[in-house]
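Number of protein chains: 2
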Amino acid sequence: MSDPTFNRSQLEQLISRRFFYAPAFAIYGGVAGLYDYGPTGCALMNNIVQLWRNHFVLEEEMLEVDTTVMTPAEVLKTSGHVEKFSDWMCKDTKNGEIFRADHLIEAVLEARLQGDKEAKAAAAGTQVEATVTDPATAKKATKKKKSKVVVVELKPEEKEAYEEILAKIDNYSGPELGEIIQKWGIKSPEAGNDLTPPQEFNLMFDSSIGPTGHLKGYLRPETAQGQFLNFKKLLEFNNDKMPFASASIGRSFRNEISPRSGLLRVREFTMAEIEHFVDPDNKDHPRFDEVKDIKLNLLPASVQLEGKTDITVMTIGDAVAQGVVDNKTLGYFLGRIYLFLTKIGIKTDKLRFRQHMSNEMAHYACDCWDAEIRSSYGWIECVGCADRSAYDLTVHSKKTKEKLVVREQLDEPKVVNKLQLEVNKKVFGPKFKKTAKAVEEALIALSEEGLQKLKDELESSEKTSINVEGQDYELTKNEISIERVTVTEHIREYTPNVIEPSFGLGRILYSLLEHAWWKRDNDEDRNVLSFPAVVAPYKCCLLPLSGNAVFAPVARDLSHQLRAKNISTRTDDSKASIGRRYARNDELGIPFSITIDFQTVEDGTVTLRERDSTKQIREKTEVILQVLKELSEETTTWEKVVETYPAFNAKEADEE
Amino acid sequence: MSDPTFNRSQLEQLISRRFFYAPAFAIYGGVAGLYDYGPTGCALMNNIVQLWRNHFVLEEEMLEVDTTVMTPAEVLKTSGHVEKFSDWMCKDTKNGEIFRADHLIEAVLEARLQGDKEAKAAAAGTQVEATVTDPATAKKATKKKKSKVVVVELKPEEKEAYEEILAKIDNYSGPELGEIIQKWGIKSPEAGNDLTPPQEFNLMFDSSIGPTGHLKGYLRPETAQGQFLNFKKLLEFNNDKMPFASASIGRSFRNEISPRSGLLRVREFTMAEIEHFVDPDNKDHPRFDEVKDIKLNLLPASVQLEGKTDITVMTIGDAVAQGVVDNKTLGYFLGRIYLFLTKIGIKTDKLRFRQHMSNEMAHYACDCWDAEIRSSYGWIECVGCADRSAYDLTVHSKKTKEKLVVREQLDEPKVVNKLQLEVNKKVFGPKFKKTAKAVEEALIALSEEGLQKLKDELESSEKTSINVEGQDYELTKNEISIERVTVTEHIREYTPNVIEPSFGLGRILYSLLEHAWWKRDNDEDRNVLSFPAVVAPYKCCLLPLSGNAVFAPVARDLSHQLRAKNISTRTDDSKASIGRRYARNDELGIPFSITIDFQTVEDGTVTLRERDSTKQIREKTEVILQVLKELSEETTTWEKVVETYPAFNAKEADEE
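Taken in sequence, the protein lines are chains A and B. Residue numbering for the first sequence follows this note's numbering, starting at 1 and increasing by one per position. Residue numbering for the second sequence follows this note's numbering, starting at 1 and increasing by one per position.
Extracted from the complex, chain A is given alone in its bound form (with noise of 0.2 angstroms):
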């Protein structure tokens, strides 16, 4: 698995050589952090989507909406987006350089520790290679910046903090971080200059929206608040009833410090979010069972706490009884999470479940598992699942008054004894005046607890006081009363509780290039992307044998045909030879091909070649055509085809 002989930068020069993405702007220099997909990355990337909106969409009669990228500042303040989504960056004092604080003191650290081995070695007259991450433990390799090593030995309480500071790295609050620059002398790598103190900066691109200047907007960075801010429309369009999820996919942004590693860590992005609204009393799953017996490789907050990262394999009805997994709605959704990642070609023994540790989720979610798939960048965070309880539906309802809740209608009535309060309107208004509405709501607001204790005090001292923004009101019995009633209830109102699957499908399509790539013959040349066809950019090559003007005419047929039957076909009439167009293509992960030749244009057969097998079938074209269609829909499979029709052996080899 942590495969050695993997060469990253051959397979990015495939990425690039056949257009799956590229750097934007290229010609302009570029801009770090963006990319464009070219027409295999793009039709790669639609595919998945397309599979995702079918099983996840259609699959669960999901409410998909599709929500605006451009959002008002105020949203994000309610959201929090305002105040915490930042990083800590420094400025190297001299040449204005800028770095991410965190990544900086790695990659320093890490340098000095590398240079500390590198003259021990040198001391005992052994060589070091450099430094290969293991991919197994580095889950942060996608944040490293090389750093200069140089060759000194270090002292081993210097090499033990250095390890201590790294293994915490992402714990550390800004002024801790400008600490540790401080302590141990870490200056801007290249130019050794000193830097500044750690500064917050927001990771939100923002903008202006309308002429006036005065109305502040951000891109959003997840589409997630879309979702909660119509979460009234759809609960009222899924007919009121409970539970349901709503879905979107699209474009996201943040501005990254740094961007690095490619489609890993950029600063514009496609997301694909799914928001279930769920009961917090009863997170069941009607479901459930269909997923229970699939197993996980499992890696819980409790074992990384312990420092390791063992897997434990474990089924999701498993993991949900004994508790490892908080409850069945979000072992669901792991489950479903797994089946779509293999379904697309995420090979299972790189992909694991890792639980996050308390001091890493959000103070609101109540458990959190990430989706983390292996690829040379060690184990990358591509989906998160979190339980974010009722805390967007709360904070978005609070500030814009927007009653943003769920009202049942109970079976059977309740009876419950509960304090009432009544306020004297006649005498409320005219005592508070302009704060009359204020400290009302304010009252109202009260818990069961809190208007106990002001009935206590009424009837204790006569009156009792309210604070509305740290100014005192007091209360007599004139203007208020509280009571205790009996009252049967018909209906139940809650805030419901979300579970939230996200999707990076960038970082999702990169794992699958690294995961579907290999050399046939272990031939330098020879890349194939093994790609299931349900995904794959092109599901046919049309292959002419030559530039012969008989083929013309049956290509163009042919071709019309495919099209008729929705199958994406790539037509290569290149001049090289048909065994360079087959492997030309299997760089592009089209996993058919169909050759015209002169035996065609006598007979009406054409040769269908698989692309990681290389073997032919062929059969008459109306033949080969419904096949095609049954492979590319994975309704049938390639062991079964050539199970029922005659292989046929081209020269191939040869041609190749």
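Since the hints were derived computationally from the structure, they do not count as laboratory data. Do not rely on the hints blindly, as some may be mistaken.
When chains are identical, the list treats them as one kind, so a pair holds in a single copy or across two.
BS3-like, lysine-lysine: derived pairs with alpha carbons at most 27 angstroms apart [what the hints assert, rightly or not]: (1) K343 <-> K565; (2) K232 <-> K575; (3) K629 <-> K640; (4) K216 <-> K77; (5) K640 <-> K565; (6) K575 <-> K403; (7) K84 <-> K216.
Bear in mind that the values here come from a model prediction, so they are computed numbers and not experimental data.
We have chain A; now place chain B onto it with these hints.
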């Protein structure tokens, strides 16, 4: 067509109630020009996009790319957007309210003309109805904002001047708009205050990329630039073969001064654009014959110049042959656009192609036709189809020094007699020092005529000069020589021209909603949206007769089978009567409904109802599923289905 009974506000209520789309951030008070698509609108849009992709990209093996929204300023400076992509705005000098200058003048003058009409009618003792804009002439209707009507009679010369201004409103420059405001005493419509002179307001949202704050970026106003910048990689991907097309579907942004008319003028929208790269010397299209017999409603520039809007119905073949449409490739795309729009459900009698007049076109365009769709807002541009000549590739190439050309191997070498420039580097560099490079580039950029002039001067007076950025540089035969030579060329190098069909998908979607909407039996409450199955948000509605427990497993099983066939389904198991539910799902435009009743439980048959006719058939589930699959892929029609299977007479009329 110009239906006076068309009640737009009823349609808008339907759109909002069934959540096709709604103002974004509504619970925060909304932001003008930003809309969220709900589940039905989103599914409708996804289906339109998918059909677009099949119709254009797959059909012609176009190279689809997905490029970034965030664009560095330099790119949009080169393309001309930073300088020219703007509207004129005026500000109320007292309250700061902002108006788009041309819209404001329109609104005020139209109100005055209306006031004049009413005053005259009052004098004559008759009544004037509120102006109903005639869609046939009001192509600018989207821009209208109501202004208060004051009943005052106008002088004849005033009336005439106003009408002339309104007719030419699109042709005025900012200063001219300012003069009109001045001359005719136009004030801020509601407050009556003075206005500032018109100022330019760039319509692009700006932002800043990265942490330094020094790299300015814009959100792209169109997807085209990303395609031009990738031209070289795309040509290479296409094995250097011409012509070819790239395509892109994605979000674009325009910071409108005053967004209005729902989806017709918004700040964020989805576009689909094709850039077809073609040899400037041969704009034929290999598949032109497939469209040449299609008849289009044409409104050529020549007719408009006469102040008329009469439609010419003409085949595409004739239009190109007679020079009405500039070339076959442009004609081919007009035909393909027509086929696409009518396939999704746009009515042919509400679709016309209007040619731009020369003052409307960008200076570089050589011909441009808009597909305009008629709705209650008038004739609205929904697709533009322009021949952009070599403009974009040329400016980007010039700016970046990257050659964006096609190199075509000539079948027969060509002997060319031409002037050849040689620079004597030995003396050239020392003489011009720092400016040597700029001077050399200026020389290389000279045309044949330019070189001839220099050559003549050198021969007559032994010296000549060249102007570089306002400075003359003297040249003698010592530094350069210019000789007439005869060379044999094997390669022809040219910058391709671009034909660009550009689709505003939101506008098309809104127009489709208007065209698809009708009321059954003229009943206010029985809305139907007759989308063609291929774009309908859901293909099938699954209706268990009641909440009786016997239906649940049947519904679950059927729903599973529908999903397995990729037939998008909405299950409506609410408690309303079947008739009520049929009506409710007609509003969503769902073409087919399957009802599960007691007979289903007994004999496995279900009914299938068609939306428009409300007719039903009853067959075994397997048969219905197969029929439904063919119906939703439009490989059969409902007419054929009812010929094959006997009609089933349910009590729908009663139930509804």
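Taking the hints in turn, this is what the structure says about them:
1. K343 <-> K565: Both: 23 angstroms inside a copy, 17 angstroms across copies.
2. K232 <-> K575: between (60 angstroms within a copy, 20 angstroms between copies)
3. K629 <-> K640: Result: close both inside a copy and across copies, 14 angstroms intra and 25 angstroms inter.
4. K216 <-> K77: both (11 angstroms within a copy, 24 angstroms between copies)
5. K640 <-> K565: For K640 and K565, both the intra-copy (21 angstroms) and inter-copy (21 angstroms) Cα distances are at most 27 angstroms.
6. K575 <-> K403: Between. Shortest inter-copy distance 25 angstroms satisfies the 27 angstroms Cα cut-off; intra-copy 67 angstroms does not.
7. K84 <-> K216: So K84 and K216 pass the 27 angstroms test inside a copy (17 angstroms) and across (24 angstroms) alike.
In the structure shown, no violation is registered for any of the earlier numbered hints.
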